[in-house]
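Engineer: The chain contents come next:
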Amino acid sequence: MIDLKVKIAGIEFKNPVITASGTFGFGREYNRFYDISVLGGICTKGLTLEPREGNAAPRIAETPSGILNSVGLQNPGINSFIQNESMFLNSIDTVVIANIAGNTIENYCAAVEKISSADCVDMIELNISCPNVKEGGIAFGVDCSSAEKVVKEAKKLAKKPLIVKLSPNVSSISQIAKTVENAGADAISLINTIGGMAIDYKTKRPILANIYGGLSGPAVKPIALKMTHEVSKAVKIPIIGMGGITKAEDILEFMIAGASAIQIGTVNFFDPNAGFRLVNELTSLLKECKIDRLKDLIGSLIIN
Amino acid sequence: MKDISFKVSDIKLVNSDTVRLVLTSEEILPKITAGQFLNLEVPDNSLILRRPFCIYDYDNTSVTIYLAVVGKGTLALKNLKKGEILKATLPLGNGFFKINTYKNIGILGGGIGCAPLFRITKDYKDKNFFAYLGFNSKDKALFINDFKKTCKKTIVATNDGSLGEKGYALDFIKKDIANFDAIIMCGPHGLVKAAKETFKNISIPVLVSLEQRMACGVGACLVCTCPIIADEHQKNKRVCIEGPVFDIKEVVV
Ligand SMILES: Cc1cc2nc3c(=O)[nH]c(=O)nc-3n(C[C@H](O)[C@H](O)[C@H](O)COP(=O)(O)OP(=O)(O)OC[C@H]3O[C@@H](n4cnc5c(N)ncnc54)[C@H](O)[C@@H]3O)c2cc1C
Ligand SMILES: Cc1cc2nc3c(=O)[nH]c(=O)nc-3n(C[C@H](O)[C@H](O)[C@H](O)COP(=O)(O)O)c2cc1C
Ligand code: FES
Chain A
3 MIDLKVKIAG IEFKNPVITA SGTFGFGREY NRFYDISVLG GICTKGLTLE PREGNAAPRI
63 AETPSGILNS VGLQNPGINS FIQNESMFLN SIDTVVIANI AGNTIENYCA AVEKISSADC
123 VDMIELNISC PNVKEGGIAF GVDCSSAEKV VKEAKKLAKK PLIVKLSPNV SSISQIAKTV
183 ENAGADAISL INTIGGMAID YKTKRPILAN IYGGLSGPAV KPIALKMTHE VSKAVKIPII
243 GMGGITKAED ILEFMIAGAS AIQIGTVNFF DPNAGFRLVN ELTSLLKECK IDRLKDLIGS
303 LIIN
Chain B
33 MKDISFKVSD IKLVNSDTVR LVLTSEEILP KITAGQFLNL EVPDNSLILR RPFCIYDYDN
93 TSVTIYLAVV GKGTLALKNL KKGEILKATL PLGNGFFKIN TYKNIGILGG GIGCAPLFRI
153 TKDYKDKNFF AYLGFNSKDK ALFINDFKKT CKKTIVATND GSLGEKGYAL DFIKKDIANF
213 DAIIMCGPHG LVKAAKETFK NISIPVLVSL EQRMACGVGA CLVCTCPIIA DEHQKNKRVC
273 IEGPVFDIKE VVV
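So the sequences go chain by chain: A and B.
Counting along the first sequence from 1, when you hit position 65 you're at 67 in the numbering used here, and nothing is skipped either side.
Counting along the second sequence from 1, when you hit position 135 you're at 167 in the numbering used here, and nothing is skipped either side.
These are computed hints drawn from the structure, not numbers from a lab.
Check the hints yourself; a few may be wrong.
As the list claims (entries may be wrong) - Only pairs whose alpha carbons sit at most 35 Å apart, straight line, appear in this in silico DSBU-like list of lysine-lysine:
(1) Lys206(A) - Lys114(B)
(2) Lys104(B) - Lys228(A)
(3) Lys135(B) - Lys204(A)
(4) Lys181(B) - Lys16(A)
(5) Lys204(A) - Lys113(B)
(6) Lys181(B) - Lys204(A)
(7) Lys281(B) - Lys63(B)
(8) Lys63(B) - Lys206(A)
(9) Lys170(B) - Lys159(B)
(10) Lys113(B) - Lys135(B)
(11) Lys289(A) - Lys119(B)
(12) Lys204(A) - Lys159(B)
(13) Lys204(A) - Lys198(B)
(14) Lys184(B) - Lys157(A)
(15) Lys161(A) - Lys180(A)
(16) Lys172(B) - Lys161(A)
(17) Lys204(A) - Lys180(B)
(18) Lys184(B) - Lys204(A)
(19) Lys7(A) - Lys198(B)
(20) Lys116(A) - Lys206(A)
(21) Lys228(B) - Lys181(B)
(22) Lys267(B) - Lys206(A)
(23) Lys267(B) - Lys114(B)
(24) Lys119(B) - Lys180(B)
(25) Lys39(B) - Lys151(A)
(26) Lys7(A) - Lys34(B)
(27) Lys204(A) - Lys63(B)
(28) Lys206(A) - Lys181(B)
(29) Lys63(B) - Lys44(B)
(30) Lys249(A) - Lys39(B)
(31) Lys63(B) - Lys114(B)
(32) Lys185(B) - Lys204(A)
(33) Lys267(B) - Lys116(A)
(34) Lys289(A) - Lys170(B)
(35) Lys228(B) - Lys281(B)
(36) Lys228(A) - Lys184(B)
(37) Lys225(B) - Lys206(A)
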């Protein structure tokens, strides 16, 4: 019997496959394709205290082996989320992570306090790395002192384990990682999207109405893998790795680099059964590699 | 909605840049209604997103789509060979709604945008359909014989007058508007914009099928939004799941 279980900040996941924020709605859409209880966990669309309408369209451009998005945190707000999604989320048997964003420290704190009261939420992922909103978001994730402040304050109010999601758009991700660890983060997730742009040379216009967007998908995997490894060397708290994962082999690579679990984002768009498929492929791959306990792989990178 | 494996059972170039593709599945397809679309895998590994196409016609195990070759993805699809296998998620979106409440329906299509309008004329045999189909020129004209079979009247307009009437289909439907209880339409952005202006004072509903760049196609990623007026407020609605059909009065162009 292959053991896929992993544990992060005291929460047990039946397997390391978690769906990434912003790519999986609140779970309902993909539950029509497969029973999403097979997943280790799901992470919600980024939630803010008040509803947000997001950016103008077009919000997506395809680039080689990747996509740029500029959704800009469109969401119904935390109140509406709790009211409309709790029953559904309580009915599924998987870890539910609420992804939370804000634009001031007070605003982040109020959001964290409110989401802590939702019984359908098992963990909180603090998004200090959204590249698609004008104020807040990424500003907290690229500067050590504001990252420290927001995590410290949020931690005081979080009644659930606090994951902090980091931006790759920084010069030293390990420094930010250390800072949020010292500020009280229970775990780190990475990477959010990488700032990028697409231009239509014929019209001389940017494709995204927002001009810039965030890159995700297979194109970012090598960067994400490196950052996962760098951060795993810098901190002791568990890491959730993501960026371009499409197959079971990718999951093993992230875990060898130091991740305790992984998230899958863009792959859901081109394979609506990706979560289900990856859990199955992971079991077969471990059998093939004669690995009984997935946990044993975490941080097992050999360098010489 | 379901992700289904299809075999290319027929592929044909119908004019210089339009392909008719018939996809057949071994399993019985979920129930499809007129105006819905599918999200189709592209046989090119560097392109990861699927491409949305409306379902022109269908039966229990097969779907027919028409695709205009406009970029890399549609070019790769044009080069498909009979027998190749590819996946598509379907059926997506809401079809044309409340059709049962109307009797005489005007159809307004522009170019490849006529595609989502055909099946409805085939499904509702008790209704009277009047089609106004616009194309750039004779060599770009499509679907005309199909519409002639299902519609009471089919008017074709070309910009250069090389086929049917010379001018815009919109101008011809405008003249006959008193005959209809509703209009359903689809076409390029320019047509939607002009139609919004033309129809701004009419009392009958005008249902328009919109296009937007998409990723998931199922409502999960929020990249496909269009501004829509709902309860006097402008909201960003997802074309894939809240559309693609909207009342043109609510559409912000
Ligand atoms: C609901 C819906 C139904 C459609 N039905 C049809 C149809 O029946 N026949 C047909 O020929 N076309 C249809 N389209 C448009 C078709 O999806 C695009 O022409 C196609 O995706 C272009 O792909 P490409 O790789 O060739 O173009 P590129 O421009 O290289 O594509 C780049 C990206 O932009 C997206 N994109 C480009 N143009 C459009 C567009 N007009 N609408 C949406 N996304 C676009 C592509 O999907 C891709 O992600 C429909 C679009 C939607 C949203
Ligand atoms: C359309 C889209 C929306 C996203 N929205 C959010 C969000 O609201 N909050 C967040 O923390 N990350 C968001 N992300 C980032 C993903 O969660 C993930 O970090 C990133 O896409 C990398 O993983 P991937 O390559 O597997 O997609 C979004 C990504 C995409 C593509
Ligand atoms: S394409 Fe993802 S929500 Fe519409």
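Engineer: The structure should be examined with respect to each hint, and the outcome stated for every one.
Structural biologist: Hints, one by one, checked against the model:
1. Lys206(A) - Lys114(B): violated (38 Å)
2. Lys104(B) - Lys228(A): holds (31 Å)
3. Lys135(B) - Lys204(A): Given that 35 Å is the threshold and the Cα spacing comes to 45 Å, the pair is violated.
4. Lys181(B) - Lys16(A): Violated, because 57 Å separates the two Cα atoms, which is more than 35 Å.
5. Lys204(A) - Lys113(B): Holds. Lys204(A) to Lys113(B) sits at ~31 Å (cutoff 35 Å).
6. Lys181(B) - Lys204(A): violated (41 Å)
7. Lys281(B) - Lys63(B): Since the Cα atoms of Lys281(B) and Lys63(B) sit roughly 29 Å apart, the hinted pair holds (cutoff 35 Å).
8. Lys63(B) - Lys206(A): Violated. Lys63(B) to Lys206(A) sits at ~43 Å, over the 35 Å cutoff.
9. Lys170(B) - Lys159(B): holds (29 Å)
10. Lys113(B) - Lys135(B): Answer violated: Lys113(B) to Lys135(B) is near 42 Å, above 35 Å.
11. Lys289(A) - Lys119(B): holds (28 Å)
12. Lys204(A) - Lys159(B): Violated - the C-alpha atoms of Lys159(B) and Lys204(A) are around 44 Å apart, more than 35 Å.
13. Lys204(A) - Lys198(B): Judged against 35 Å, a Cα distance of about 30 Å means the pair holds.
14. Lys184(B) - Lys157(A): violated (68 Å)
15. Lys161(A) - Lys180(A): This hinted pair holds, its Cα atoms lying about 22 Å apart.
16. Lys172(B) - Lys161(A): violated (63 Å)
17. Lys204(A) - Lys180(B): Since the Cα atoms of Lys204(A) and Lys180(B) sit roughly 38 Å apart, the hinted pair is violated (cutoff 35 Å).
18. Lys184(B) - Lys204(A): Violated, at about 42 Å.
19. Lys7(A) - Lys198(B): violated (69 Å)
20. Lys116(A) - Lys206(A): violated (45 Å)
21. Lys228(B) - Lys181(B): Holds. Lys228(B) to Lys181(B) sits at ~29 Å (cutoff 35 Å).
22. Lys267(B) - Lys206(A): Distance of about 29 Å is within 35 Å: holds.
23. Lys267(B) - Lys114(B): violated (43 Å)
24. Lys119(B) - Lys180(B): holds (32 Å)
25. Lys39(B) - Lys151(A): Not satisfied, since the Cα-Cα distance of roughly 56 Å exceeds 35 Å.
26. Lys7(A) - Lys34(B): Holds, at about 29 Å.
27. Lys204(A) - Lys63(B): violated (41 Å)
28. Lys206(A) - Lys181(B): violated (44 Å)
29. Lys63(B) - Lys44(B): holds (26 Å)
30. Lys249(A) - Lys39(B): holds (24 Å)
31. Lys63(B) - Lys114(B): holds (25 Å)
32. Lys185(B) - Lys204(A): violated (40 Å)
33. Lys267(B) - Lys116(A): holds (25 Å)
34. Lys289(A) - Lys170(B): violated (61 Å)
35. Lys228(B) - Lys281(B): Since the Cα atoms of Lys228(B) and Lys281(B) sit roughly 7 Å apart, the hinted pair holds (cutoff 35 Å).
36. Lys228(A) - Lys184(B): It is violated: about 65 Å lies between the C-alpha atoms, which goes past 35 Å.
37. Lys225(B) - Lys206(A): Status holds; Cα separation ~23 Å.
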